[in-house]
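Dock the two chains into a complex; use the hints.
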Amino acid sequence: MPLQQLQQFVSLIYPLKEKEWNAFAAIWSPLECRRKTILTAAGETERHLYFVLEGVQRAFYIGDDNKEATLVFTYPPSFAGVADSFLTQTPSHYFFETLTASRFLRTSYRQAEELMQQYPNIQRMVLNVTALALKGVLVRQAELQCFSAEEKFRTLLKRSPHVLQLIPHKYLASYLGIDPATFSKLLGSKKI
Amino acid sequence: MKSFDSLSLLEQLQADTRQLIATATFLKNEDPGILLEQPGAGRWSVIQVLEHLNSYGVYYLPALKNGLMNGDAAVNIFRSGWLGNYFTQLMLPKEGRVKNKMKAPKDHRPAFHVDAQPVIETFLQQQHQLLELLELAKQKNIGIRIPTSLTKLIRLKAGDTFRFFIAHEQRHFVQIENTLAEVRNTTGKFQVAHQAG
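For the record, the sequence lines run as chains U and E.
With positions in the first sequence counted from 1, the corresponding number in the working numbering is that position plus 246.
With positions in the second sequence counted from 1, the corresponding number in the working numbering is that position plus 18.
The hints are simulated quantities; they were obtained by calculation from the structure and are not laboratory data.
Don't take every hint at face value.
As the list claims (entries may be wrong) - Label pairs and their calculated CB-CB ranges:
1. E:Ala129 / U:Lys381: 40 to 46 angstroms
2. U:Lys381 / E:Asn88: 45 to 51 angstroms
3. E:Gly60 / U:Asp330: 43 to 49 angstroms
4. E:Pro50 / U:Leu403: 41 to 47 angstroms
5. U:Ala269 / E:Pro50: 51 to 57 angstroms
6. E:Asn88 / U:Leu403: 42 to 48 angstroms
7. E:Tyr77 / U:Gln369: 44 to 50 angstroms
8. E:Gly58 / U:Ser430: 37 to 43 angstroms
9. E:Asn84 / U:Ala315: 39 to 45 angstroms
10. E:Gln143 / U:Lys282: 44 to 50 angstroms
11. E:Gly60 / U:Ser430: 44 to 50 angstroms
12. E:Ala199 / U:Gly382: 48 to 54 angstroms
Stated by the list, open to error - Only pairs whose alpha carbons sit at most 25 angstroms apart, straight line, appear in this in silico DMTMM-like list of lysine to aspartate or glutamate:
13. E:Lys156 / U:Glu278
14. U:Lys313 / U:Glu397
15. U:Lys416 / E:Glu195
16. E:Lys156 / E:Asp133
17. E:Lys83 / E:Glu29
18. U:Lys282 / E:Glu150
19. E:Lys20 / U:Glu360
20. E:Lys46 / U:Asp425
21. E:Lys112 / E:Asp23
22. U:Lys431 / U:Glu389
23. U:Lys416 / E:Glu48
24. E:Lys46 / E:Asp34
25. E:Lys156 / U:Glu389
26. E:Lys112 / U:Glu278
27. U:Lys282 / E:Glu195
28. U:Lys313 / E:Asp23
29. U:Lys282 / E:Glu48
30. U:Lys313 / E:Glu195
31. U:Lys282 / E:Glu113
32. U:Lys313 / E:Asp49
33. U:Lys282 / E:Glu55
34. U:Lys313 / E:Glu55
35. U:Lys282 / U:Asp330
36. U:Lys313 / E:Glu139
37. E:Lys156 / U:Glu360
38. U:Lys313 / E:Glu48
39. U:Lys313 / E:Asp34
40. U:Lys381 / U:Glu359
We put the beta carbon where it would ideally sit given N, CA and C, even for glycine.
Chain E on its own, in the form it takes in the complex (with noise of 0.2 angstroms):
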């Protein structure tokens, strides 16, 4: 099965974490008229789609944390499960872009909200447990097992659950460009109404 250097790969999980901080930051200064736009009738707005994000880290920033600090010590290579391996790379955006589109389970899927800058920062509070957690991470055995929030009797080992939910994460920050880019009807660029200057 696919073997990482558990160091390396926690570091890169934390840059890819780190890319969603920023893009959000940009995210919370945006017109919130345009967060809150549904693209298209049961199409999910941008807040909605954050929203659906936070829902996950609810369940399995805590999961994580009682998994790793109940674990042991570090060990230098990470050897992913292949189920674990296997739901990241479905996750997993390519080259940028979403091909196979998945329908959400029941308790994920977002209610319309009113107010966008409450649910960005949850966003940004989870992103920083994340990275404390990752950070945490570096010292405890990641080959520990963490039950999925389908159902507890898949478990996937702590590597694999980080790597899944951040690719997640990636996925539906693919659908927040376009859906920013649909919204406002531009082509935007991916960095969010941002300017350089």
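For reference, chain U alone in the conformation it holds in the complex (with noise of 0.2 angstroms):
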């Protein structure tokens, strides 16, 4: 079953053969993470690709100033992992950690760049997914440097109204880049 929902979100993104999905297939493993496990360190190199099938995780950087800076978040249907990271197989900038309980099929790196090697169709999906990871990230960042407070939780409700009930408040703060005060207010303010 959890072969199933890979399969229906890889559909989506770019069809494969019947031949080129059972090879893609067969190297996931499941995987079960109790809540606030870290996955990845930053400065070690991503060695997984996730697929999350439970649960909630995040991205997060540690600036200078201790400043903590939640960059993404992630929750079933999607890949997870710190995507440069394993893409490029140099040292994450970033931790990448379980909010709560999760469950995951996981690969390796050599897994995925041995298919990849071998199906052009299986790296041209990859590719797709990492495109529309770009475009996830440039709109972003366009958004946090152009909409006021308000406009920035409006937009994360209407895109993923879930959030408020997945994730703790002071995580979706740092992600708007919105200080937990302004945050609680907007809140506050929220039509139910």
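What follows is the structure, encoded as structure tokens:
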């Protein structure tokens, strides 16, 4: 059943033929983690690619002034892990941790790389996933720089209404680049 | 004796190590004056605690590496040795607190330091080496025995050595949290000096 979720997700990104899908399906193993488990540390090269079946995770950065920035949340269905470190096989700048108990399918760089060498369509699919991720990052960057706190807040709720229940507010505030007090105020004025 | 699924144990130990890396990263950005301050006469500053931990890393990281490299392939189940398990349980902080105090052996008593950053850097480097070793250990039999730093006559299984080593670090990180709180004169949250935002 987990593989079904993965297949469904992948089919929306790029269609794979049966032979390609079977090869792709074979490289994934199940993984379960408790909440607040750090799966990748800054300075470590991301060895794995995750597909989220259950739970919420975040990637965050610790700055020089100890300011912590939450960069991205992942929840089903989506790929997860520190993507740039994985694809470039260079040390991650970020920490990747579970916020709640989580279940994943997980594969390794070596297995993914072998598969991409062998099947151009799988490489194409990975390229598409990467392009979508990049698109999301740029949209977000523009919003972070241009939107007011209220606009950012409303955009988040419109895009992912369920996050308020799933994710602790301090992390959401960090993600939006809003200070926690402002976030609470916006929350209070939100019409349920 | 206590048994573990080898892979799950190593994954858990890696997660524990990453948590130490995260906390140490926050320490790196802390005011050096605070890190170097001793909370009382004869009591260790945060940097001295880290130096104490580093001194164990200097011995155990190469010892583990050599032991594992020379050993054979991985086995699914790891059976903890009774002594290794005992030492680990002795070290582990319970419910985030340390009740039984111990005196550090002579070779592992840290000197007074003037510069905080190199000590933290070394600690972080060692934790990354530890992560790599734990990754290597997934392919190896962690039942192979590693001589302890105290005496070569006592050898613990690699799996237990990892557990004991990390439990020891976790124990001292409780001490670091307490020390920071004292030196800062606040009841600090565990994640030292960081603000989400």
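**Item:** Contradicted hints - numbers only
**Value:** Checked against the structure, the hints that fail are numbers 1, 6, 10, 12, 16, 19, 25, 28 and 33, while the rest are satisfied.
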